[in-house]
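Here are the chains, one letter per residue:
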Amino acid sequence: AAGVIQSPRHLIKEKRETATLKCYPIPRHDTVYWYQQGPGQDPQFLISFYEKMQSDKGSIPDRFSAQQFSDYHSELNMSSLELGDSALYFCASSFSPPGLAGSYEQYFGPGTRLTVT
Amino acid sequence: GIQVEQSPPDLILQEGANSTLRCNFSDSVNNLQWFHQNPWGQLINLFYIPSGTKQNGRLSATTVATERYSLLYISSSQTTDSGVYFCAVEISGSSNTGKLIFGQGTTLQVKP
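Residue numbers (the numbering used here), protein chains in the order written: chain A, 76 to 192; chain B, 970 to 1081.
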């Protein structure tokens, strides 16, 4: 079965650089979530999109932005990178009933490991 | 905000042993999922279980939503079961955006 695809899998950037992470949800899934997992920590919710509209926002820095495109893939853009941004970034997708986001099983991609030096 | 607490934080087992992991949550939830994070960092779906009991091979899970806890049972553990087990919940509410709040995880080590 098709899974969530994330690219790149590994990324090394220097401080103050920018990074773009991509996520391709499972076909027919209309909701995308982004999570950040720091070393030794649990995943933390960043932002989500339902039918290409932002549906919720967590503790996402102003330096980060994201969007969901017409083909439902999503991109997380990160600017002015800091050492503390080094983490594993997960994208997850789910299928939501019409007019109601959430409450369905989320499937996670393999993650993008970002290292900021 | 909602609190999700997992216990025990760490667990060491001998291969073949059984174990029970617990997840307590402080508010009503729409969704509860159990994940296994393997040593390569991948989050593997184990159960989507907002209520009731499910079984999948050597693993089973029970969620008692009215008492706000869930249990994950691992029987006849194998070394490949090692890793971190996360419980994650979506709180009930008017937004229902689906975001998951994770517990701190239980780190399991199974020794041969």
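Read the hints as simulated data drawn from the structure, not as lab findings.
Glycine residues also receive a C-beta, built at the ideal position from the N, C-alpha and C atoms.
Hints are not guaranteed to be accurate.
[Unchecked claim] Over the 12 Å line for every Cβ pair with chain A, so calculated as not near, a few chain B residues:
1. Q975
2. N987
3. Y1042
[Stated by the list, open to error] If you anchor each label on the Cβ, the simulated ranges turn out as follows:
4. A:H148 <-> B:G1021: 41 to 49 Å
5. A:E92 <-> B:G1026: 16 to 24 Å
6. B:T989 <-> A:R138: 22 to 30 Å
7. B:S1044 <-> A:T93: 26 to 34 Å
8. B:N987 <-> A:K132: 23 to 31 Å
9. B:N987 <-> A:F144: 28 to 36 Å
[Said to hold, decoys possible] Footprint (simulated), chain B over chain A, 3 or more residues, beta carbon under 8 Å:
10. 78-91
11. 149-155
12. 180-186
Next on the checklist: Of the numbered hints stated earlier in the document, which are not met by this structure?
Outcome noted: Of the numbered hints given earlier, those the structure breaks are 1, 4, 5, 6, 7, 8, 9, 10 and 11, listed in rising order.
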